[in-house]
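**Student:** In case you want the letters, here they are:
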Amino acid sequence: MIFLFFVWQIWDDYARPYIAYQKEFKNLLLKKGGGESELNEFKFGVQQWWIEKLNRIDRCETCHLSISDPRFKDAPQPFKTHPDADLHSFERFGCTICHGGQGQAASVEDAHGPTENWNRALYHPNFMQNSCSLCHGSFIQDEAPVLSKGRKMFNEYGCRDCHKVKEQKRVKVGPPIKKIRQKVKTDWLYRWIKKPKEYLPHTKMPDFKFSEQEAADITRFLIPRIKSEEKVQIEGSYERGEQLFRESRCVTCHSVEGKGGDIGPDLAKVSSKVHPEYLYKFIKNPQGLFPDTLMPTFGFSDQEVRDLVTFLSEEYIDLELEEEQIAQDIKLVEGGDVRRGKELIEKYGCTGCHEIEGVEDLGEIGLELTTIGVTHISRLDFGEINVVPEHHTVPNWLYNKMKNPRLFKEGLKMPDYNFSDIEAEAITTYLLSLKSEKVFPSYVLPLGTPPSEYNPQGEFGKILKKYRCLVCHKINGLGGELAPDLSQEGSKARKEWLKKFMKTPYAIRPILVERMPRFKFTDAELETIYSYFRTILVDNSVEELSEVVNGMSLHNPGLITMGKKLYYEKYACNACHQINLKGGNIGPDLTDIGEWRRTEWIVHYLRDPKAFLQRSVEPVYKLTDKELEALTAFLINPKKEQ
Amino acid sequence: MVRYGLILIFCAVLLFPIAVLIGCNKQSTLSSEEHQPERTEFILPQKHITSLTREEQRGQVLYEYYCVLCHGQTGEADGFNSFSLNTQPARHADATVMATLSDTQIQLIIRDGGLALEQSPEMPPWGGVLTNKEISDLTDYIRTLAKPEKSKE
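Top line first, the protein sequences correspond to chains F and U. Its first residue numbered 377, the first sequence is counted upward by one per residue in our numbering. Its first residue numbered 48, the second sequence is counted upward by one per residue in our numbering.
If you're looking for bench data, these hints aren't it; they were derived computationally from the structure. In this text, a Cβ means the ideal position worked out from N, Cα and C, and glycines have one as well. The reader is advised that the hints may include incorrect statements.
Below 30 Å or equal to it, Euclidean Cα-Cα: the simulated DSS-like pairs (lysine-lysine) are [stated by the list, open to error]:
1) U:Lys94 - F:Lys580
2) U:Lys194 - F:Lys402
3) F:Lys540 - F:Lys814
4) F:Lys850 - F:Lys871
5) F:Lys573 - U:Lys94
6) U:Lys180 - F:Lys456
7) F:Lys998 - U:Lys180
8) U:Lys94 - F:Lys456
9) F:Lys1015 - F:Lys958
10) F:Lys777 - F:Lys814
11) F:Lys449 - U:Lys194
12) U:Lys180 - F:Lys986
13) F:Lys785 - U:Lys94
14) U:Lys94 - F:Lys528
15) F:Lys998 - F:Lys940
16) F:Lys548 - F:Lys525
17) U:Lys180 - F:Lys525
18) F:Lys850 - F:Lys986
19) F:Lys580 - F:Lys635
20) F:Lys785 - F:Lys814
21) U:Lys94 - F:Lys777
22) F:Lys525 - U:Lys94
23) F:Lys408 - U:Lys180
24) F:Lys419 - F:Lys429
25) U:Lys194 - F:Lys456
26) U:Lys180 - F:Lys449
27) U:Lys94 - F:Lys811
28) F:Lys660 - F:Lys841
29) F:Lys580 - F:Lys841
30) U:Lys180 - F:Lys946
31) U:Lys94 - F:Lys408
32) F:Lys548 - F:Lys850
Listed below are several chain U residues computed to face chain F (Cβ distance under 7 Å; list not exhaustive) [claimed, not checked]:
33) Phe89
34) Pro92
35) Arg101
36) Tyr113
37) Leu116
38) Ala124
39) Gly126
40) Ser131
Bound conformation, chain F alone (with noise of 0.2 Å):
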């Protein structure tokens, strides 16, 4: 009997499940011109790293042997190489703070799960990026370009407005609906209701897949009196409106038929939507009818509005929209109970996302998930969906959650965002960073910068909310990202050009299509804005250089020459700039730099081009002084066709 249970033992020990693929390491190291002394040093028995301060013990080094052997780059798992061995060191990380799974484990199954008793599965590499937030922070972007992404789309699609996420506030993502009957046709918005990316194909707003009773309902509630949609003519000049939509430069925030920004929304149907009424009204003063809208205040007169209208009612009507359809619908509608339509709006939480008169908001209505990344996956309901042990984890119940909303079971009410796989992993990879967990703080590294508070008051601040310019350009870090920065502004422009430019915007690169909107502004408008940037919005790096300038010879002919010949010779600007319509299309055209940028910023700029934008496409050319001083006389003088 003990006999027997010796060789039991002795069987036991000789089977357990690493060992084959410890033996395995040994005949590959040997392939992989491992000298003898390696080979005798290798011992049998598992391998761990014991990381204290982030309570953890990873004996994943056990099988994956060679992690950090670079020879192994190649070599089939669990033997392959990190290719990160670099950024993080396994003595100090481990490997389950990234990669999840059950450190301790020492099988294969259990190391990785998910088991019975590990809720924590290792993550599937498309996931990975979630663990990144743990140390550095929530504000992480290019170096975690996933999470990044899926923080964005969290933000954006409103996903806070029904779920509570401590220490993030509510913003509601969609417009307030209020006196909506004057904003919108009815059959119009029985249709949006039923299914919003038939009219919008990119639209945020999800599809709630209500029958048609359902969404004629709720139209019902939202316009209790239908009148009859007398027209209201509004008379003006095509021709005049399509030249001042041009002029305008709608198109920078708002597409048609898909071509344009996607800022605002398309512009293509909007004549089937909106009573062209309520369109002059907006057009005129925007922000008197929706405070928080993105369009700017242009300061169109009543006749140049007028004009717009009627180019807009003309022009951009849903051809396939039939007059039948249309009374249809309004039938539908007028057939729909009001009290179903507003318990309809209180059930699927339409309060969330909107403010909408005569209905009170419930708050958040959906599941908390300032933990969902740590959740046990017994929380989740999977519902009558059956899915095998190894794939039952919360990544997984997530992502499917993110690409069908109701498919656990009937009844769920979180709409369809139609996520593409790409957006779904996204979204799904910043839940999981959601954790509410906090590491040693020695190990905390905060990469990426939190949110602007840049809230600027006064006159100035006043423009900045009329003519809305954050939406594109962007200071003190907070605003868009379609054109320019505009935190050093004072340093870079000269006072007669910029004012010039403000009044009629041009492309400063060829390439690019002109975008910047023409908007009136009236001359203490100008005055302000450039009194602003020259005394807050300045470099003083770029100040300290006046007397470098001063000391120049700018003006010397010999100089001029040796700049030309530097600039066509030596160091080919022509390659990206253009001078008199000749040369590359990557950077602004140079031909009268010296009128619009101040010396001091061109000796700047040549000096380190990255100081002022990191992400600049220039290279960076070590200038000696006198090269320096030649480049920028004959960069600032007028120059002659060659």
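The hints should help you fit chain U onto chain F, whose structure is shown.
**Tutor:** Here is chain U on its own, set in the frame of chain F:
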């Protein structure tokens, strides 16, 4: 074997219209009923397949930011700015040309510009912008652009 295959195809051709008819019937009954929930299968995330190593992937990001403007997306020297240059940029997709350049030479040209190898100065030096590691990643990626099978034709 061939005979079985033919029989199978024959059957499939015969059955197809019947299947379509049944399918249409089913659809028409479905659309009349409201509230038919969409049921799809439980799906798993698909691994993004790439043949590039991690170094090459990092190089690709840099290539698409700094190089494609002239050298083109696929290394065919057809970037939008290539047409305004005095000399044609190097064709990274051309295996015969690329074979004559060593990694050190490629890295030198990226770091110090075209003049370093007595080529056009229109290729600027990127040494002040990219680190040595980045230049080496970029070189790895540029190597993947050469397609030997094309140059043989």
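**Student:** Against this structure, judge whether each hint is valid.
**Tutor:** Now for the hints, and whether the structure bears them out:
{"no.": "1", "hint": "U:Lys94 - F:Lys580", "in the structure": "holds, 27 Å"}
{"no.": "2", "hint": "U:Lys194 - F:Lys402", "in the structure": "violated, 37 Å"}
{"no.": "3", "hint": "F:Lys540 - F:Lys814", "in the structure": "holds, 20 Å"}
{"no.": "4", "hint": "F:Lys850 - F:Lys871", "in the structure": "holds, 20 Å"}
{"no.": "5", "hint": "F:Lys573 - U:Lys94", "in the structure": "holds, 29 Å"}
{"no.": "6", "hint": "U:Lys180 - F:Lys456", "in the structure": "holds, 21 Å"}
{"no.": "7", "hint": "F:Lys998 - U:Lys180", "in the structure": "holds, 20 Å"}
{"no.": "8", "hint": "U:Lys94 - F:Lys456", "in the structure": "holds, 18 Å"}
{"no.": "9", "hint": "F:Lys1015 - F:Lys958", "in the structure": "holds, 12 Å"}
{"no.": "10", "hint": "F:Lys777 - F:Lys814", "in the structure": "holds, 27 Å"}
{"no.": "11", "hint": "F:Lys449 - U:Lys194", "in the structure": "holds, 23 Å"}
{"no.": "12", "hint": "U:Lys180 - F:Lys986", "in the structure": "holds, 19 Å"}
{"no.": "13", "hint": "F:Lys785 - U:Lys94", "in the structure": "holds, 27 Å"}
{"no.": "14", "hint": "U:Lys94 - F:Lys528", "in the structure": "holds, 23 Å"}
{"no.": "15", "hint": "F:Lys998 - F:Lys940", "in the structure": "holds, 17 Å"}
{"no.": "16", "hint": "F:Lys548 - F:Lys525", "in the structure": "holds, 20 Å"}
{"no.": "17", "hint": "U:Lys180 - F:Lys525", "in the structure": "holds, 26 Å"}
{"no.": "18", "hint": "F:Lys850 - F:Lys986", "in the structure": "holds, 17 Å"}
{"no.": "19", "hint": "F:Lys580 - F:Lys635", "in the structure": "holds, 18 Å"}
{"no.": "20", "hint": "F:Lys785 - F:Lys814", "in the structure": "violated, 35 Å"}
{"no.": "21", "hint": "U:Lys94 - F:Lys777", "in the structure": "holds, 19 Å"}
{"no.": "22", "hint": "F:Lys525 - U:Lys94", "in the structure": "holds, 18 Å"}
{"no.": "23", "hint": "F:Lys408 - U:Lys180", "in the structure": "holds, 25 Å"}
{"no.": "24", "hint": "F:Lys419 - F:Lys429", "in the structure": "holds, 27 Å"}
{"no.": "25", "hint": "U:Lys194 - F:Lys456", "in the structure": "holds, 27 Å"}
{"no.": "26", "hint": "U:Lys180 - F:Lys449", "in the structure": "holds, 18 Å"}
{"no.": "27", "hint": "U:Lys94 - F:Lys811", "in the structure": "holds, 24 Å"}
{"no.": "28", "hint": "F:Lys660 - F:Lys841", "in the structure": "holds, 15 Å"}
{"no.": "29", "hint": "F:Lys580 - F:Lys841", "in the structure": "holds, 24 Å"}
{"no.": "30", "hint": "U:Lys180 - F:Lys946", "in the structure": "holds, 27 Å"}
{"no.": "31", "hint": "U:Lys94 - F:Lys408", "in the structure": "holds, 29 Å"}
{"no.": "32", "hint": "F:Lys548 - F:Lys850", "in the structure": "holds, 23 Å"}
{"no.": "33", "hint": "Phe89", "in the structure": "holds, 5 Å"}
{"no.": "34", "hint": "Pro92", "in the structure": "holds, 5 Å"}
{"no.": "35", "hint": "Arg101", "in the structure": "holds, 4 Å"}
{"no.": "36", "hint": "Tyr113", "in the structure": "holds, 6 Å"}
{"no.": "37", "hint": "Leu116", "in the structure": "holds, 6 Å"}
{"no.": "38", "hint": "Ala124", "in the structure": "violated, 14 Å"}
{"no.": "39", "hint": "Gly126", "in the structure": "violated, 9 Å"}
{"no.": "40", "hint": "Ser131", "in the structure": "holds, 5 Å"}
In terms of the numbered hints stated before, the structure departs from hints 2, 20, 38 and 39, listed from lowest to highest.
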